[in-house]
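The listed protein sequences correspond, in order, to chains A and B. Going from the first sequence to the numbering used here is simple: count from 1 and add 145. Going from the second sequence to the numbering used here is simple: count from 1 and add 19.
It cannot be assumed that every hint is accurate.
Here are the simulated DSS-like pairs of lysine-lysine, each with C-alpha atoms no more than 25 angstroms apart in a straight line [as the list claims (entries may be wrong)]:
hint	chain 1	residue 1	chain 2	residue 2
1	A	193	B	151
2	B	177	A	193
3	A	666	B	177
4	B	151	A	686
5	B	93	A	680
6	B	151	A	669
7	B	77	A	509
8	A	436	B	93
9	B	133	A	193
10	A	447	B	73
11	B	77	A	669
12	B	93	A	683
13	A	468	B	177
14	B	73	A	669
15	A	193	B	73
16	B	73	A	666
The set of hints was computed from the structure by calculation and includes no laboratory data.
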Amino acid sequence: MKYKHLLLFIAAAIALPVILVTPSCKPQNPVSAVEGDAAQKVYVAPGKYDEFYNIVSGGFNGQVAVYGIPSGRLFRIIPVFSLNPESGWGFSEETKPMLNTSHGPVPWDDSHHIALSTTNGEHDGRWAFVNGNNTPRIARISLSTFRTEEIIEIPNSSGNHSSPFLTENSEYAVAGTRFSYPMDDADSNPDVGIGTYKQNFKGTVSFIGIQPETGRMNVAFQVMLPGVNFDLSRGGRGPSKDWFFFSCYNTEQANTLLEVNASQKDKDFIMALNWKKCEEYVKAGKGKKSKVRYAHNVYDEKTHSATSTIEHETIVLDPKELKDIVYFMPCPKSPHGCDVDPTGEYICGSGKLAAIIPVFSFAKIQKAIADKSFEGEFDGIPVLKYDAVLHGEVKKPGLGPLHTEFDGKGFAYTSFFVSSEIVKWNIEKLEVVDRVPTYYSIGHLSIPGGPTRKPHGKYVIAYNKITKDRYLPTGPELTQSAQLYDISGDKMKLLLDFPTTGEPHYAEAIPASLVQPNSVKIFKIEDNHHPYVAKGEKEAKVFREGNKVHVNMTSIRSHFMPDNIEGVRLGDEVYFHVTNLEQDWDVPHGFAIKGANNAEILIMPGETCTLKWVPDRVGVIAFYCTDFCSALHQEMQGYIRVSPRGSSVPLTFSTGNKAEPTGATK
Amino acid sequence: MKINFLLRSVLGLMLVFWLANCTNSAPNQPTATSESSAPAGGGQSAVQDDVSQKDVVKVAISSPDHTTLVTAVKAADLVNVLSNAGPFTVFAPTNAAFDKLPAGTVEGLLKTDKKETLADILQYHVAVAVYKTEMLQDGQVIPMANDGKVTIGVKDGKFTVNGANILASVPASNGIVHVIDAVLLPK
Numbered sequence: 146m147k148y149k150h151l152l153l154f155i156a157a158a159i160a161l162p163v164i165l166v167t168p169s170c171k172p173q174n175p176v177s178a179v180e181g182d183a184a185q186k187v188y189v190a191p192g193k194y195d196e197f198y199n200i201v202s203g204g205f206n207g208q209v210a211v212y213g214i215p216s217g218r219l220f221r222i223i224p225v226f227s228l229n230p231e232s233g234w235g236f237s238e239e240t241k242p243m244l245n246t247s248h249g250p251v252p253w254d255d256s257h258h259i260a261l262s263t264t265n266g267e268h269d270g271r272w273a274f275v276n277g278n279n280t281p282r283i284a285r286i287s288l289s290t291f292r293t294e295e296i297i298e299i300p301n302s303s304g305n306h307s308s309p310f311l312t313e314n315s316e317y318a319v320a321g322t323r324f325s326y327p328m329d330d331a332d333s334n335p336d337v338g339i340g341t342y343k344q345n346f347k348g349t350v351s352f353i354g355i356q357p358e359t360g361r362m363n364v365a366f367q368v369m370l371p372g373v374n375f376d377l378s379r380g381g382r383g384p385s386k387d388w389f390f391f392s393c394y395n396t397e398q399a400n401t402l403l404e405v406n407a408s409q410k411d412k413d414f415i416m417a418l419n420w421k422k423c424e425e426y427v428k429a430g431k432g433k434k435s436k437v438r439y440a441h442n443v444y445d446e447k448t449h450s451a452t453s454t455i456e457h458e459t460i461v462l463d464p465k466e467l468k469d470i471v472y473f474m475p476c477p478k479s480p481h482g483c484d485v486d487p488t489g490e491y492i493c494g495s496g497k498l499a500a501i502i503p504v505f506s507f508a509k510i511q512k513a514i515a516d517k518s519f520e521g522e523f524d525g526i527p528v529l530k531y532d533a534v535l536h537g538e539v540k541k542p543g544l545g546p547l548h549t550e551f552d553g554k555g556f557a558y559t560s561f562f563v564s565s566e567i568v569k570w571n572i573e574k575l576e577v578v579d580r581v582p583t584y585y586s587i588g589h590l591s592i593p594g595g596p597t598r599k600p601h602g603k604y605v606i607a608y609n610k611i612t613k614d615r616y617l618p619t620g621p622e623l624t625q626s627a628q629l630y631d632i633s634g635d636k637m638k639l640l641l642d643f644p645t646t647g648e649p650h651y652a653e654a655i656p657a658s659l660v661q662p663n664s665v666k667i668f669k670i671e672d673n674h675h676p677y678v679a680k681g682e683k684e685a686k687v688f689r690e691g692n693k694v695h696v697n698m699t700s701i702r703s704h705f706m707p708d709n710i711e712g713v714r715l716g717d718e719v720y721f722h723v724t725n726l727e728q729d730w731d732v733p734h735g736f737a738i739k740g741a742n743n744a745e746i747l748i749m750p751g752e753t754c755t756l757k758w759v760p761d762r763v764g765v766i767a768f769y770c771t772d773f774c775s776a777l778h779q780e781m782q783g784y785i786r787v788s789p790r791g792s793s794v795p796l797t798f799s800t801g802n803k804a805e806p807t808g809a810t811k
Numbered sequence: 020m021k022i023n024f025l026l027r028s029v030l031g032l033m034l035v036f037w038l039a040n041c042t043n044s045a046p047n048q049p050t051a052t053s054e055s056s057a058p059a060g061g062g063q064s065a066v067q068d069d070v071s072q073k074d075v076v077k078v079a080i081s082s083p084d085h086t087t088l089v090t091a092v093k094a095a096d097l098v099n100v101l102s103n104a105g106p107f108t109v110f111a112p113t114n115a116a117f118d119k120l121p122a123g124t125v126e127g128l129l130k131t132d133k134k135e136t137l138a139d140i141l142q143y144h145v146a147v148a149v150y151k152t153e154m155l156q157d158g159q160v161i162p163m164a165n166d167g168k169v170t171i172g173v174k175d176g177k178f179t180v181n182g183a184n185i186l187a188s189v190p191a192s193n194g195i196v197h198v199i200d201a202v203l204l205p206k
């Protein structure tokens with residue numbers, strides 16, 4: 146079957162270029178007819194837009210990328226957890242606080258999963274959330290500015306992998322420990338032997354509250370759990386909306402060579418957690434306050450500036466005492482994906498090493514809990530009987546199942562890393578109905594709206610690890626890859642390969658109609674409350690506070706005000722507060738100065754950004770606009786004179802000594 | 020004009036379909052690699068944007084005193100050019116300024132075969148740079164987009180360009196519009 150597909154594909158690959166370049170008058174055979182129209186299906190003509198936004202985690206680049214579907218064109222890389230000198234993210238005075246943590250500034254993270262905000266379980270187009278895996282954090286990105294507005298660090302955590310998935314109305318985003326570690330009374334990481342995992346190591350899952358109007362986050366509560374690896378998670382919906390499900394591996398509680406030692410048991414767990422009940426217990430004061438330190442960083446659109454606050458407390462619930470909040474369900478062989486279908490009734494576990502896909506029934510879970518149908522306890526947590534909660538198993542679906550998305554028509558699409566394929570199966574009947582090869586080693590996959598109550602269907606996008614024969618080689622490391630498949634018919638059809646930046650983990654796709662109309666064009670200059678704003682050229686000024694020189698500068702096509710500055714001395718710190726006076730869409734200005742040890746800044750229309758510059762030598766130094774703004778962009782430059790320490794050159798500034806009457810030609 | 024262009028494009032595409040499909044009954048669409056896929060969309064002037072400040076063209080369009088100028092700019096195919104990032108200084112003659120020209124002049128210039136002459140005249144009203152009045156001095160010479168030059172006059176706080184009076188100045192997103200009371204004719 147698969148071999149046949151491969152043959153078909155090779156035949157098509159040979160036929161395709163011929164069909165595209167020469168208008169063929171021969172009847173097309175079935176093979177070229179299938180593959181030959183693929184390019185047309187992904188072609189977006191000039192002046193037309195893509196149908197979907199694809200919001201893709203950047204993996205090890207720590208950022209988030211935005212693509213169009215079906216074209217696969219990259220529109221934007223949104224800086225999140227990693228420094229981005231291109232825009233000044235993390236370098237400008239305004240954005241430095243966004244990367245602050247309890248460890249101090251952390252310039253990078255490993256971003257894994259996207260969660261788009263939902264209302265009643267459906268996309269609402271307001272925010273994208275993304276997790277930082279390494280130094281546990283969750284970020285919130287505005288889908289109107291496509292900027293990171295907030296980053297919250299997760300205390301009592303390590304390896305925030307099962308995150309930032311959301312409850313049905315985006316009440317909470319979740320976080321969980323992939324790496325359990327020693328916790329003692331929830332507030333420390335005591336100095337104990339690594340070999341004491343079983344005695345001392347604990348895991349947590351955290352619920353990060355999301356303010357419904359503003360999206361503002363807070364660490365609402367955490368649940369203290371046995372030391373295992375929490376891997377992935379999904380919120381319930383419909384009947385299961387009060388519940389959250391987490392896959393757990395390493396229930397062997399190994400602390401070394403997990404490759405072998407965490408693969409010993411036939412079954413690990415999926416954890417079912419009743420967050421609504423947790424909420425009630427928190428309100429009833431059943432949680433314990435835990436002393437912690439974590440950073441909470443918020444970007445304010447009015448001041449165009451971020452603040453970082455260190456918080457000191459969380460509330461921790463103990464399921465050993467609160468018996469009805471957490472249950473384990475046996476799940477074969479180190480489950481990875483843990484995905485809830487659109488109805489909220491079925492939970493699919495994907496054991497990385499399993500030869501089946503178990504599908505759990507929420508109704509049966511509820512009955513099993515009511516009947517106390519337990520097979521025992523794991524570290525004080527009840528373990529439900531496998532048969533009591535199982536809807537059924539998909540037999541022999543493929544090798545290495547990882548993740549499952551849904552089309553809303555009763556079908557599930559599971560990615561298989563080892564056998565490099567997507568398998569479509571009927572959820573109710575547990576029957577495989579189609580399979581299609583991916584190139585190669587697919588990880589996550591995404592259907593527009595796939596993790597919501599109402600999937601938009603139409604496409605499935607595969608995010609693949611290995612691309613050896615797909616792209617021109619670029620040395621030892623090749624690009625990561627996405628592949629687009631048409632799922633509108635019974636059979637999946639490959640339409641497009643497109644490369645991705647970073648290593649995409651999870652992604653979501655959302656109809657452009659839910660996002661495009663809200664996209665911000667400019668920041669209104671009258672709403673700019675930056676402390677160093679110059680709202681017009683007449684407000685531009687340079688002033689000294691001790692050894693700090695502040696330049697409240699404006700930029701507009703095609704000059705800076707001021708563009709000549711004198712009176713700066715060695716030993717000074719110069720702060721260029723550049724306000725972009727443009728009120729015109731897509732006209733940013735840039736600012737760069739020779740020898741800056743940080744970066745450039747890109748200033749959006751109506752915004753103020755600050756670049757700190759510490760001159761290290763005497764002389765006249767040039768600065769210029771780095772964003773090609775106009776026909777006279779190359780003229781958009783200026784000079785600052787740096788005099789020796791103790792110099793008496795007065796602080797002056799200007800732009801545009803009037804041209805000589807006769808000399809106004811260029 | 021634009022309709023003509025559209026029609027031509029559609030006809031062109033239909034021809035391509037026909038060529039590519041001699042024996043195929045199912046109609047194909049132009050592919051990404053097809054040379055013939057004509058650019059769709061109306062250029063920068065067609066961008067839907069009610070939020071940004073008006074550009075120099077939109078400033079002129081919104082002025083009831085500049086309908087002749089707008090007609091001429093459209094006839095000379097300069098709408099997209101002046102919707103560009105600029106920066107522009109546009110000396111914008113009023114309808115009354117055009118009315119001062121000898122009878123039939125404007126009608127003559129609007130004829131298709133006079134498009135280049137019209138464009139030359141209009142480009143003589145545009146400088147690529149922003150000249151605010153506070154930057155202007157008496158006797159200052161400004162190079163214009165058509166390669167000609169105009170001379171600024173400043174007397175008693177009043178500004179002229181080649182003798183035409185600057186009646187008002189309107190800032191725009193991509194430059195500035197100086198309203199003038201006479202049409203500037205290239206020398």
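Okay, the hints, checked on the actual structure:
Between residue 193 (chain A) and residue 151 (chain B), the direct Cα distance comes to roughly 38 angstroms. Violation of the 25 angstroms bound is thereby established for this hinted pair. Restraint check: the Cα-Cα separation between residue 177 (chain B) and residue 193 (chain A) comes to about 48 angstroms, which exceeds 25 angstroms; the hinted pair is violated. For the hint pairing residue 666 (chain A) with residue 177 (chain B), the CA-to-CA distance comes to about 37 angstroms; that exceeds 25 angstroms, so the pair is violated. Between residue 151 (chain B) and residue 686 (chain A), the direct Cα distance comes to roughly 20 angstroms. Compliance with the 25 angstroms bound is thereby established for this hinted pair.
For the hint linking residue 93 (chain B) to residue 680 (chain A), the alpha-carbon distance of about 35 angstroms lies beyond 25 angstroms, and the restraint is violated. The hinted pair formed by residue 151 (chain B) and residue 669 (chain A) meets the criterion: a straight-line CA distance of about 23 angstroms does not exceed 25 angstroms. For the hint pairing residue 77 (chain B) with residue 509 (chain A), the CA-to-CA distance comes to about 65 angstroms; that exceeds 25 angstroms, so the pair is violated. For a cut-off of 25 angstroms, the pair hint linking residue 436 (chain A) to residue 93 (chain B) is broken: about 69 angstroms separates their Cα positions.
Distance restraint check for residue 133 (chain B) and residue 193 (chain A): the Cα-Cα separation of roughly 34 angstroms exceeds the 25 angstroms cut-off, and the hinted pair is therefore not satisfied. Taken as a hint, the residue 447 (chain A) and residue 73 (chain B) pair is honoured in the structure, with Cα atoms around 23 angstroms apart against an allowance of 25 angstroms. Restraint check: the Cα-Cα separation between residue 77 (chain B) and residue 669 (chain A) comes to about 19 angstroms, which is no more than 25 angstroms; the hinted pair holds. Straight-line distance between C-alpha atoms of residue 93 (chain B) and residue 683 (chain A) comes to about 36 angstroms, which puts the hinted pair past the 25 angstroms bound.
This hinted pair does not check out: residue 468 (chain A) and residue 177 (chain B) have alpha carbons roughly 86 angstroms apart, beyond 25 angstroms. Taking the CA atoms of residue 73 (chain B) and residue 669 (chain A), the gap is about 14 angstroms. The hint holds against a cut of 25 angstroms. At roughly 24 angstroms between alpha-carbon atoms, residue 193 (chain A) and residue 73 (chain B) fall within 25 angstroms of each other, so this suggested pair holds. Annotation: proposed proximity of residue 73 (chain B) to residue 666 (chain A) holds, straight-line Cα distance about 13 angstroms (limit 25 angstroms).
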